[in-house]
Amino acid sequence: MAITVNIPALLARHAGGQRQHVVAGTTVREAIDQVTRDYPEFGKRFTEATLPGNEFVTVYLNDEDARFAGGLDTPVKAGDDVSIVSAIAGG
Amino acid sequence: MTTATLSPPELVRYSRHVILPEVGLAGQQRLKGSRVLIVGCGGLGSPVALYLAAAGVGHLGLVDFDQVDASNLQRQILHSTSAIGQSKLDSAEARLLNLNPYVKVERYETRLVAANALEIIQGYDVVVDGTDNFSTRYLVNDACVILGVPNAYGSIYRFEGQASVFATKDGPCYRCLFRQPPPAGAVPNCAEGGVLGVLPGLVGTIQATEAIKLLLGIGRPLIGELLLVDALDMEFRRLKVRKDPECPACGTREIQELQDLEVECAVPEVKKGWDISVLELAERRRAGRDLFLLDVREPHEWEIGRIEGAELVPLGELLRSLDRVPRDRDVVVYCKGGARSAQAAHLLGEAGYLRVENLLGGILAWGAEIDPTLPRY
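So the protein sequences, as listed, match chains F and C.
Going by my numbering, the residue at position 13 of the first sequence is -3; the numbering climbs one at a time, nothing skipped.
Every number in my numbering is 43 more than the matching position in the second sequence, counting from 1.
Pulled out of the complex, with its shape left as it was, chain C reads as follows (with noise of 0.2 Å):
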């Protein structure tokens, strides 16, 4: 970390801070010399790019390769309607160059993998996690020990929010926590989990206020904690973690190289033949074809549109309700996406059912191929 000269604009803005005797000039000019990388620019990734370009954090990496959707607006804060469409990064500078013009943004327009990871994370002084999935988390997790870089951590899931510091000298991993991540369809995360608006907020602000205190060597951070968020019940619980002996990132030091890891979205393999396309669906249905459409995303998302003449068994209660899923016709199964309904058509496969055909990219591509009356979730 260096330190950089303040001009009198800068005092003036960073004021409030440098009056803070924890902070001061010293402090303020540290954070100008410091470089924080932000992998995602999404909920979580939105208030701490904007609390850290305010706060005067001079060199901010940014890390993401999504678009602005209209979806993503209840949650990341960082973007603007009018930004539907623009890169995700676009929008991103624009709108911290326009709060703090005295910060330099790096863009990495790219999806972090094994291969580019450690080149990216070297040479900041502070990672801040606020990715979607847990291959590029445990990516980080992994780089970071690897270059001794450390990790802001934070994730949400509904209403529930965790907060961390990883990869510090002396302190625990993301692997000393969970070893290894979920295999794939154990954890709702692509496409049914939902999430509270305001709790990637909470949960940002956080690993924020983490790294300015890692960035100035102020007060406690959470290392070797976690931090539990329920925004149901408004409670928030410290719990130990402790540096594993045996975590084969930071114990052992088995993990010298970094893997991409496919959990989330990956699915189980569907046999040859069991796809259907939006189109031939569309078509078998105007020729009148018998077939029994089944659609395994959870009620609320039934709530909010269904293709007509489905019927819904939730993924998670399909097992329990074969009896209303019958053997003798056709049965062509949907979800949000194609990634749940693929799992419900090797379950059924499994269960002795020989009919059965997952319908790709899912209510979406219906709605966006077929029938654009369908809102979009």
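Bound conformation, chain F alone (with noise of 0.2 Å):
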């Protein structure tokens, strides 16, 4: 089943630089993995980034924050979009 997980540049360029990766999955947590076993440092920014206490990036699945919608463990159809949104402060 292929998902798209949306990468944001700060963490794109711990994942080849790219900001769009189509992977096999499902569950959102399975789509994340896909990643995180190509690109290790992406997946150790990712665990460190969504640590309790330290959560500056939000995962969604489509539009939905996935915490609302059961967590990483939510299931994906094929075509669903996993973001994983991260805390910007530039202005």
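Some hints here could point you the wrong way.
[As the list claims (entries may be wrong)] Label-pair restraints from in silico Cβ distances: (1) C:Ser58 x F:Asp47: 37 to 45 Å; (2) C:Thr45 x F:Asp65: 42 to 50 Å; (3) C:Leu362 x F:Ala8: 26 to 34 Å; (4) F:Gly55 x C:Asp333: 52 to 60 Å; (5) C:Pro52 x F:Asp65: 46 to 54 Å; (6) F:Asp22 x C:Tyr145: 55 to 63 Å; (7) F:Pro24 x C:Met277: 30 to 38 Å; (8) C:Ala113 x F:Ala(-14): 45 to 53 Å; (9) C:Met277 x F:Gly55: 28 to 36 Å; (10) F:Ala(-14) x C:Leu355: 34 to 42 Å.
[As the list claims (entries may be wrong)] Quick look at which bits of chain F chain C covers, simulated, 3 or more residues with Cβ under 8 Å: (11) -8 to -2; (12) 61 to 74.
[As the list claims (entries may be wrong)] Listed below are several chain C residues computed to face chain F (Cβ distance under 7 Å; list not exhaustive): (13) Gly83; (14) Gly86; (15) Leu87; (16) Phe221; (17) Arg349.
If you're looking for bench data, these hints aren't it; they were derived computationally from the structure.
Built from N, CA and C at the ideal position, the CB exists for glycine as well.
Two chains, each in its own frame: build the complex with the hints.
Here is the structure:
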């Protein structure tokens, strides 16, 4: 099942510079894990950024915050977008 | 919000608004009676202030403590070349009053901090967050939640932008989306980020639009939605932002007092005696002392200019590239301003390097004090 994982510029530089990754997976977590397997540094940064008390990235399944849609174990289907949205502060 | 009477010249000035049924005379009078606080007169604050002044928002509060620098002018369209070196508030006030003498500008020439935020924000109808750092963004959010003042939020990084409206009566706040600010060093913010100059124009005009909609009570403001702007692909996406019942600001309301967070430019503590000044480095080089000069900036910064004899290993690659950094020589690390190099010195220390020093002030200080031919950026 082709799922698109969208990665913000901040993390894309640790994921081969690509902001979009087409992966396979049955849950949000599996989709992200696919990118993590290919780019361990991205995985490390993503894990750090989602630790409790340190949550400055939020994961979306399509246009819903995954936390309110069942968390990272929410099932995904072909054509879904998983987006990692990072806090940015420039002004 | 109050309303104010419009003079005949003002009616002419605002006629294209007045003939819009959604604005009308009553709406324009409402704008004139409105108070908007713009926090930060930089990339985002520039278009926000210009459009809100042009639109006839009667009272604009401006918060900034900085001076206009040549490197601001690629995006901060409120300021001009002739204003380089002036305070941003002097420059902004002059420009705004020249654009529209019917608006009042109130100046707050200070950094927004926990001790003054509530006092400054209180009494405004809308706050526009155009700051450039996480500390102030969280402070603006928390103060707006405590006071119940809506926050037209925008932020930018490289080619990406975000906009939303937070802290309305029933809507979510910034902490519902991102509970905590990132730890120091996790998000490049001070030095190496870079931003497309026109991007704050795109995002700032969205913030100004939202502020006007909030003041007039028209349309559907971005409450409960995050607009993501991607200038490279010119994509705009809307994501839902839920009000989080566990949010410490607007959910549980644990946050009752403001706190200053020193997150972005904070750097890991470098061991005592690990700092070196540019004068001392220059002296050692003149004396022919052996040292390994390590530049931990990004390749595009290296292209702009470098200290002669340095080797480039960007901070993000440092731990994978330790074989390029000798353990048996004195190592001096530098970056643009000294923050990333302090992190690098810390990492090298943890990796067992014993002779590492961090160049205080980075290549900017080297350019200012030793080699004036180096371009500033």
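Quick check on the hint: C:Gly86 CB to chain F CB, less than 7 Å?
OK, holds: C:Gly86 within 7 Å of chain F, min 6 Å.
Between F:Pro24 and C:Met277, is the Cβ distance one that fits in 30 to 38 Å?
About 32 Å separates the Cβ atoms of F:Pro24 and C:Met277, which means 30 to 38 Å holds.
Evaluate the given range 37 to 45 Å for the C-beta pair formed by C:Ser58 and F:Asp47.
39 Å, holds
Starting from the range 42 to 50 Å, see whether the pair C:Thr45 and F:Asp65 falls in it by beta-carbon distance.
Holds, at about 45 Å.
Is the gap between the beta carbons of F:Ala(-14) and C:Leu355 within 34 to 42 Å?
Cβ of F:Ala(-14) to Cβ of C:Leu355: about 38 Å, so the range 34 to 42 Å holds.
For the hint on C:Leu87, just tell me whether its beta-carbon gets within less than 7 Å of chain F.
Because about 5 Å separates C:Leu87 from the closest Cβ in chain F, which is inside the 7 Å limit, the hint holds.
Residue count check for the region -8 to -2 of chain F against chain C: does it reach three with CB-CB under 8 Å?
holds (count 5)
Verdict for F:Asp22, C:Tyr145 (Cβ pair) under range 55 to 63 Å
58 Å, holds
At least three residues with a C-beta closer than 8 Å to a C-beta of chain C: is that true for the region 61 to 74 of chain F?
holds (count 7)
Outcome of range test on Cβ distance (C:Pro52, F:Asp65; 46 to 54 Å)
51 Å, holds
If you check the beta carbons of F:Gly55 and C:Asp333, does the distance land in 52 to 60 Å?
Taking Cβ atoms as reference, F:Gly55 and C:Asp333 lie about 55 Å apart, which means the hint holds.
So, as I understand it, the hint says C:Arg349 touches chain F; can you test that by seeing if any CB pair is closer than 7 Å?
21 Å, violated
Taken one by one, the earlier hints fail for this structure only at number 17.
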